[in-house]
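A.B. asks: Make the full structure from the sequences, and use the hints.
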Amino acid sequence: MTAEGLSSIQQKKAIATRRLLIEGIAIIVFGIILMGVIPSILPAFQLKLLGRFLSLAIVALGVDLIWGYTGLLSLGQGIFFALGGYGLAMHLSLQLPEGQIPSFFSLYGVEKLPFFWYPYYSFPLTLILIVVVPGIVAGILGYVVFRNRIKGVYFSILTQAALLVFFNFFNGQQKLINGTNGLKTDTAELFGQVVGSPRMQWMFYQYTVLALIAVYLLCRWLTSGRFGRLLVAIRDDENRVRFSGYDPTWFKVLVFAVSGAIAGIAGALSTIQSGIITPSEMEVAFSIEIVIWVAVGGRATLVGALIGTLLVQYARVTLSAKFPEAWLFFQGFLFLLVVTVLPDGIIGWLTAFIWPKVRSRFGFTAPIMTYPSLETDPEVLAEREQLTKPK
Amino acid sequence: MVQPNFGRRKFLLYGTAALGTSILLKACGAPPEEGSTTTPDEGDTTSTPSGDGDTIKVGILHSLSGTMAISETTVVDAEKLAIKEINAAGGVLGKQIEAIIEDGESDWPTFAEKAGKLIDQDQVAVVFGCWTSASRKAVLDVFESKDHMLWYPVQYEGQECSQNVFYTGAAPNQQIEPAVEWLLKNKGKQFFLVGSDYVFPRTANTVIKEQLKALGGETVGEDYLPLGNTEVTPIITRIQQALPDGGVIFNTLNGDSNVAFFKQMQGAGLGPDKYPVMSVSVAEEEVRQIGPEFLKGHYASWNYFQTVKTPENEKWVADFKAEYGDDRVTNDPMEAAYIMVYLWKQAVEEAGSTDIEAVRAAAVGQTFDAPEGKVTMNANHHISKTVRIGEIMEDGMFEIVYETDGPIDPQPWNQFVPDTKGYGCDWTDPAKGERYKMEA
Amino acid sequence: MADFALQLFIGAFNGISIGSVLLIAALGLAIVFGLMGVINLAHGELMMLGAYATFFVQNIFNGWGDPWAQMYTIAAIPVAFVVTALVGLILERGVIRFLYGRPLETLLATWGVSLILRQFVRTTVSTRNVDVTAPAWLRGGIQIPTGAVPIQLPYARIFIIILTIICVVGVYFFLNRSSWGLRIRAVTQNRPMSACLGIPTAQVDALTFALGSGLAGVAGCAITLLGSVGPNTGQNYIIDTFMVVVVGGVGNLFGSIISAMVIGIVTYLIGSGTFATLLNPVEWLQPVVGFFNFFADSSMAKVMVFGLIIAFLQVRPAGIFPPKGRAVEL
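Chains as they are written, first to last, in this note's numbering: chain A, 1 to 391; chain Z, 1001 to 1440; chain C, 2001 to 2330.
Bear in mind the hints are in silico, worked out from the structure with no lab data behind them. There could be a bad hint or two in this list.
In silico BS3-like pairs for lysine-lysine, Cα to Cα no more than 30 Å straight-line [what the hints assert, rightly or not]: (1) A:175 x Z:1189; (2) Z:1437 x Z:1374; (3) A:322 x Z:1084; (4) A:322 x Z:1213; (5) A:112 x Z:1432; (6) Z:1185 x Z:1374; (7) A:322 x Z:1274; (8) Z:1146 x Z:1185; (9) Z:1189 x Z:1296; (10) Z:1421 x A:175; (11) Z:1189 x Z:1274; (12) Z:1209 x A:112; (13) Z:1296 x A:322; (14) Z:1437 x A:112; (15) Z:1296 x A:175; (16) Z:1095 x Z:1374; (17) Z:1421 x Z:1374; (18) A:112 x Z:1421; (19) A:175 x Z:1084; (20) A:175 x Z:1213; (21) Z:1213 x A:112.
On a predicted model such as this, the values are computed, not experimentally measured, just so you know.
C.D. replies: Spelled out as structure tokens, the structure:
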């Protein structure tokens, strides 16, 4: 390796560190805006809406992790989302005087609390279970599926079937978990405050932003370095990964479990801000929608998940208020648009088309990364001189 | 396999063209059932519900899309007709009513979200809405925590009595219990219960089972179909096994499942002579959608049928058909929705303002000459209603085979279920409130 | 003994009739998924369009009065086939053509199409269900005298079973005995070589997809005899049909037949509590009986059936009849 070669590697490192720094600053600024500036300009109702959308963005991050980076299209994230949401709702429903059980049980003549409710009495345990239960379910489902090398479309259909199993189970079990009606959270008390009060909702909004940043950093960490490259390799050509000596199964199980846990956290945050969790969160349409948010924003770009979610959700709120019918048409066309015309999503389109234009407007040309030997090859350097000579 | 590039411009062009066409189609050729939305006022900062200005804003919150749109759009029509009539007669307190219609999308969290929006952002004076118990329970917390008011027009399973809700649909003792009594007297003592799998059928069946026990009937079987499911063969087998010689079937199925159920029952040869089916979710609209051939001879229990013979009803049916088309039918939830707007109007005029507390107090005791007969708002926020049982005829209408002499008072807390037996609800007495033990 | 045989026959009939509904719905999907590898999530909506076509034919024929009104079902079948085949053709040329080899994208795109189709029907026809009443000769059934109340085998179900058999036989003969069927099979097995031999692959693709869609339309006509017709009708069937195709083994018609029948019979046995009743007399199987009784209502039966399917796919991930070959992956 020549001296010039070494310096080009150092150059790349410097560029990478600079990028990381910019990103870190961007995150901090973003966090400050979301946590400090926005709550003071938005009315409470809009803030709640934004909080709910941000928690949906968290799920989208998980889906981006498994679909954008690892190529696993899971159409059943609703399972984990709902498991997390139900966990928190169960804990809040149990905030009653000693000996009482939630009132809906009396509608079905149930006297005793079903056994699986007991762990949710304690708050710390609930917090752990919100993350762990969806994660474990995802891990088991993932192991059972990936061990048999089920992937691609079969995997997606299987996740849909699993989703339906859970949906029908939760929907049908009135006596265990209140079935179709779901569980409500607004009137329960947490740490002495009513959950539905503006103060608590403001706090949950802040928690959602923090959770979003934390999950973003987690995903960033997972998708960087060798692990991230392995995920991308699994997405692009799993057989080659296998032939290279890695066992993709465990990586996929891990990533799937992590995305399940992320969805669980998101479910809990979303539930507490919308006030209710019902089995309808486990419907097919919702889980497929999550995928479209990621696709609109841009797969394999974590920021894309956030932007896509916010865009589509705000479009939904605006359109369905003015033209309820047009919203469904719009959603359908969005699916078509995203797979045919905008396969890389908005971020992808921006990076590929807009960003270079902006850069060249300001006179920066993109540094061309090539093999080290090419950097030092005199012929290539001469050609480069010629081509980039200002006309 | 590399395919030729589609051409983004072409696709975007076609896509927007299609979208635009669809919006145009919708806007121009819109049949009256579409919900018209008036843009909400931005920056309306009055804290009391908007009674100032020269309109009074009310919210209408039903599912205009999704699986429940089938039923709920008809209720929206009835409410809009009532509002139109009231506006034509001068409005409320001299002001015109402005309806802000929101779509619950058959999704309960969306109901809660839109309820919040109507109350906080649009600052409506009252909300008329919901159909399924799930949607009502989803918005209940919103109305209770913000101390607002919801008027709910659909028959439901009872076991609820909220200060912030006025219920103009039937409680079980005004629909289910009289039906069971009539069946025991006229049709048989062995009951098979079929329902959709959600809270209303489950609770209703709890009530029926207790009532049968108390009155000497017998529950031979119970089965639940998931919402939207159409495979009824297993249930028919179970009915045949449990009631080999015939018996009564009490049907609390909802939506699409009803269609499948009746079609397949007839196919399997279970006719109304040996297996009479009493439904509580099949009304004129559903008969039209299922097909009268499959329902001929079966029964339904409601407080109102289109064939009710009162002068108010004849006028209302004529007005409704004139407004929306001759092929439309009226049914119980639509009638309940129509009268609740009038009841609210009367309460507002008696209270002299749209202030929630005042209207709430004034609403109790209101009477109205409804198409179903005279109704009175009780202290438990439910109305007393006449009970009727109808047999489905070949033309799709109901022939009324039983009718109570006068309105029956509502009992929100069911008197057959051990947990709520002996309890009542009274919002005019601060000592009693939502749930108090009645003297024997 | 005769009584037991009768019970068995009736049970078998019920199971097979449920299975035949699944099969006729899954036939079109099996062709499209099996032969082309295209995931069509709009398949349910194509069925719904077939059902609506039946509705319109019914109205037209009812306008002409008897005896035409009695024949409308027969006429509706080819009409539904043609209408949905055309829609499928448009779909294929317009969207699917650009997404071959990208099954996940096709999945999303067809889901979008299904949303559009549903909303289209809601805006143009009505959000409410429409009434499709079978003609008189399809209501009622064959009476089998057993005890006080005769058991009746519905004509509608018999009709569907016969229609399914006709469709399956027709598809088999088309694929295996006609020249276009030969071309379809050739393109499925080796596309580049087929193209080299002069087979117009684009036309073959369009034809295959149109065939699959047309069969969905016929299925839609069949389900009008059993259930409701409305914008959401398709959603009730889509997942079940996918399960049938995946369990049967992709690309295998025979596998789909077997899996549809098996799933139908199992659904019936669990949902009607027959398992529980059969095992009841045996003492030491009581906990199993309790387990089955828990699942005996239709709601839970669905959970169990899906659970069994997922379990089955663990054992044989490629379905009952996996595609032969030495591929590393499915």
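A.B. asks: The structure should be examined with respect to each hint, and the outcome stated for every one.
C.D. replies: We went through each hint and held it up to the structure:
1. A:175 x Z:1189: Holds, at roughly 27 Å.
2. Z:1437 x Z:1374: Measuring from Cα to Cα gives roughly 29 Å; hence the hint holds.
3. A:322 x Z:1084: The hint holds at about 21 Å.
4. A:322 x Z:1213: Between residue 322 (chain A) and residue 1213 (chain Z) the Cα gap is close to 52 Å, so the pair fails against 30 Å, i.e. violated.
5. A:112 x Z:1432: holds (28 Å)
6. Z:1185 x Z:1374: Holds. Residue 1185 (chain Z) to residue 1374 (chain Z) sits at ~27 Å (cutoff 30 Å).
7. A:322 x Z:1274: violated (51 Å)
8. Z:1146 x Z:1185: Cα-Cα ~47 Å, so violated.
9. Z:1189 x Z:1296: holds (22 Å)
10. Z:1421 x A:175: holds (20 Å)
11. Z:1189 x Z:1274: holds (13 Å)
12. Z:1209 x A:112: holds (21 Å)
13. Z:1296 x A:322: At roughly 42 Å apart (the allowed maximum being 30 Å), residue 322 (chain A) and residue 1296 (chain Z) break the hint.
14. Z:1437 x A:112: holds (23 Å)
15. Z:1296 x A:175: Answer violated: residue 1296 (chain Z) to residue 175 (chain A) is near 36 Å, above 30 Å.
16. Z:1095 x Z:1374: Roughly 27 Å separates the two Cα atoms, so the pair holds.
17. Z:1421 x Z:1374: Between residue 1421 (chain Z) and residue 1374 (chain Z) the Cα gap is close to 28 Å, so the pair holds against 30 Å.
18. A:112 x Z:1421: Since the Cα atoms of residue 112 (chain A) and residue 1421 (chain Z) sit roughly 20 Å apart, the hinted pair holds (cutoff 30 Å).
19. A:175 x Z:1084: violated (44 Å)
20. A:175 x Z:1213: holds (21 Å)
21. Z:1213 x A:112: The given pair, whose Cα atoms are some 23 Å apart, holds under the 30 Å limit.
Comparing the model with each earlier hint shows violations of hints 4, 7, 8, 13, 15, 19; every other hint is respected.
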